[in-house]
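Residues per chain, in single letters:
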Amino acid sequence: MTTRPTPSPPTNADTPTAQQREAATTIFERSVEGRRAGTVPPAGVPEPPLAELIPAELLRAEGPALPEVSEPEIVRHYNRLSRRNFDLDTGPYPLGSCTMKHNPRLNEKVAALPGHARLHPAQDPKRAQGALELMWRLERALSEICGLPHVSLQPSAGSHGELAGLLLTRAYHADRGDERTKVLTPDTAHGTNPATVTMAGYEVVKVATDERGGVDVDDLRSKTDESVACLMLTNPNTLGLFDPNVAEITSTVRAAGGTLYYDGANLQAIMGYSRPGDMGFDIVHVNLHKSFSQPHGGGGPGAGPIAVSERIAPFLPRPRIVRAEGSNGARPRFELDHDQPKSIGRLRGFQGNFGVFVRSYAYIASLGGDGLRDASETAVLNSNYLLARMRSGRAGERLPLAFDRRPLHEFVLSGAPAKRELGVRTLDIAKRLLDYGFHPPTIYFPLLVDEALMVEPTETETRESLDDLAAAFDEILAEAERDPQILRDAPYTTPVRRLDEAAASRRPVIRQPLDR
Amino acid sequence: MSRYTSATDADVREMLATIGVASIEELFEVIPEGLRLGRALDLPPGQAEQAVYAELRDLAARNVSAEDEISFLGAGMYDHYVPAIVDAITQRSEFLTPYTPYQPEVSQGGLQVMFEFQTAISELTGLPVANASLYEGPSSVASAAYLALGVAKGRRKLVASRGLHPHSRATLETYARGFGAEVVEVGLAGGVTDAGAVVGALDDEVAAVFVQNPNFLGAVEDLEALASAAHEAGALCVASVDAPTLGVLRPPGECGVDVAVGEGQPLGNRLDFGGPSFGFFAATEEHLRRMPGRIAGETTDADGRRGFVLALQTREQHIRRERATHNICTSQALNALAGTIYLAWLGRRGIVELGELLVRRTAYARERLAGVEGVELLHDAPVAREFAVRLDAPVREVVDRVSEEGIAAGYPLARDYPEYEDGLLVAITERRSREDIDRLADALARAIAAASAPGDELFSDSENKASRTAEATR
Ligand SMILES: Cc1ncc(COP(=O)(O)O)c(C=O)c1O
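Line order of the protein sequences matches chains V and X.
According to this note's numbering, the first sequence holds residues 680 to 1195 in order.
According to this note's numbering, the second sequence holds residues 141 to 614 in order.
Read the hints as simulated data drawn from the structure, not as lab findings.
None of the values given here were measured: they were computed from a predicted structure.
Where is the CB? At the ideal position from N, CA and C, for every residue including glycine.
There's no promise every hint is true.
Label pairs and their calculated CB-CB ranges [as the list claims (entries may be wrong)]:
| id | chain 1 | residue 1 | chain 2 | residue 2 | range |
| --- | --- | --- | --- | --- | --- |
| 1 | V | Gln698 | X | Glu189 | 31 to 41 Å |
| 2 | X | Arg176 | V | Arg1186 | 35 to 45 Å |
| 3 | X | Pro558 | V | Gln698 | 52 to 62 Å |
| 4 | V | Asp1129 | X | Thr454 | 27 to 37 Å |
| 5 | V | Ala735 | X | Gly330 | 18 to 28 Å |
| 6 | V | Glu731 | X | Gln190 | 42 to 52 Å |
Construct the complete structure from the given sequences, taking the supplied hints into account.
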């Protein structure tokens, strides 16, 4: 294994960096009475005292204590803050399950066109034909990618799509006069799956994982009966492994009358290769902020459209977009259909996160079908290459694959040997990676893996950056062999060092105290 | 190699050799043969950046946006000005491209923004604790119901005012089926929530009362009276509030409201045809550990420096799983950042001035329109930023005619409020000047006169009906 050409980062914090010396100051603490940035235009209409227009007892005695700062200060403040973030545009961000792929700036540019950005959501559909057509086309593309005929773009993120899916399941069973109480989720499932089950009024039944990292089919069979409303599955699962028994799994639950929910967070692995609809699923959510390049924004926004089978379609959220052929060669017309008598109703206001749809539409239009397939291929290639590089170094022994099978777009390592043999935890390795200029992988998930590290490089990383990442892991493990304390005290170079998270929850300070 | 990837043929060859496989297809052999698609996706071929730009520009050009007309559309989202610094800062890579701050040492920027945002929302609402955002307005209302049902063990009814946004009521209904709860609606009297009806609907089954301020018809509600009615019956009071008018309207926290939620779009976020924006969620201290979503908290690092982390994570799905207080994971951090910058830009005086301007211009507009032949006020309750009128002519037709003059007259109420078939909701922002309002009044006068004239079927309602019954092609 080659070593990195760049010098290794410091192994202590003896010389604080400039950023470390800069004390965190909030915008409220920068406030000086009398300063301001924005101006409000003169009313230009009669200005009676407010109490003549609204009864005094409904008015506020004292305005909210927002900061008083000038525009240059605001810009400098948030610029400084921004530099206290690590971001994808600065370096590799192999955060498993999150698909941190490049965010094309073209998508930002087209989303900002005034015809999109300043379009009012209550505009009459006659005067929003471009937006409705874009949404309709995106629905059709997602339908083709997922292999399911109908799509609703309404859910605002993956977990919102999951809630939609279980409420659809509830409506589907109720329509048949069928009362069901349980939802099956594998123990590898993302936390949003069981949390959603409870919100949708069902009981979680956990299904075990077999020794190959897939669903334990015997366990599934023993738990599948007429009380099961739905199975929620991620495939490839959160171990990055495609379940070889998926057809059998879906047909088992289908035979017992349940619906099949596909958590599409990992669609990234299989675009153009395999489709959830063809695997037997009824409902799929797609994270547009993962597979389809919407920037993650420090924790959103995203969107979680759902694609569904015929039997679920009558229950889709309102309103739905409908298309009518134009007569005599005129353009087709698009409308919002609010009727849909069997619909579960609304999941949110208006039509969904349209700005996200524009970006993902632009992404799909840029890549086309072949490009999407190429994205998945390259993601899988990069993941397997990184794994091979890591295995040829110290990670092979210290951070082995949790389940030794060929992964797709991401893989999960276990830091158990490193912990046992070197006395460093996965957390310590992750913190040391920060000093090396990488965002660490997802850690401690999935829960069934001891000291888990979940690595997803995505297709937009170059081979060189994967080599660097593998080399950094190797070097860090070498440091641990030499002196594990280096890792335990890391990071040294970040704007702040390890933070006391327990204290923040024990005695929470979650807002700025203000002296009025 | 396609757009946004870097692997050349030579890279691929060497990478495959390192992996020890002969081809990329071999990597996909873990997918059973029968489940492989075996054909190309049926999508248009990929296009160059120039072509994609042109396609999207052409689609955008087929929308009539607030850039193209004088828009009095509101109904929950408003055409406020978005300051230039909002775009400049939110487009910075360091805010645009990271994810949820799971590694706080390299996420201090985002975490501190959350902390500032929570502080600003807490100030606006007058409630001590706020989270770092939810998706948007109506789903935040439904999320408050989940909290209320958890607090009031065994109570299974939710009382919602008809003044609550129709999308919020619809979303509440949808979620309530999962919660196993029943939504009971109470009507309006004189434009505001019928307080007597609220009291009548309250019993020991009710977990919470849901109101909006100003309500959907623009009327300013007496939150204090509604909150104390709820409390008397042992229920919580949840208020959905409009942020820009909180500079002048009594904040929910002062009125005894337990949970305040709202749509964040008016705070520095684009209209974007309805999203992405953000929802805010604030509550009294006792509900802190039941709050949904991310919350940033202050702490110190190993060297004693001030820093910020995600606090109280044991409420959340990634730790608590089926016992989490909510299922939300990815939220609306970037939109909440826009809101935070906007509130700093507006500042302590600006938020009050904006509120005053909205109240005064809305009063002017209401009076001006009420003076138009064929326009009548739908209610005469006090209003702050939006008001409802009745038209003495078919509303759709009038709106279409006014639109010919480059003005979006407002939001027709008929679909959401069949009892106000002839209703129109008109919204004011600081971008709608007195001249704009005068133009609207004049255009309305002409449109109503023309629409009332016999024999002119140019914009007849039947055309709208025909397009409304258009069918899906698949
Ligand atoms: C496997 C999996 N399922 C579901 C989700 C939830 O998606 P979201 O965060 O968009 O709600 C995520 C990501 O966060 C995920 O990784």
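Going through the earlier hints one by one, which of them does the structure break, listed in rising order? Hints 2, 4 and 6 are the ones this structure does not satisfy, whereas the remaining hints hold.
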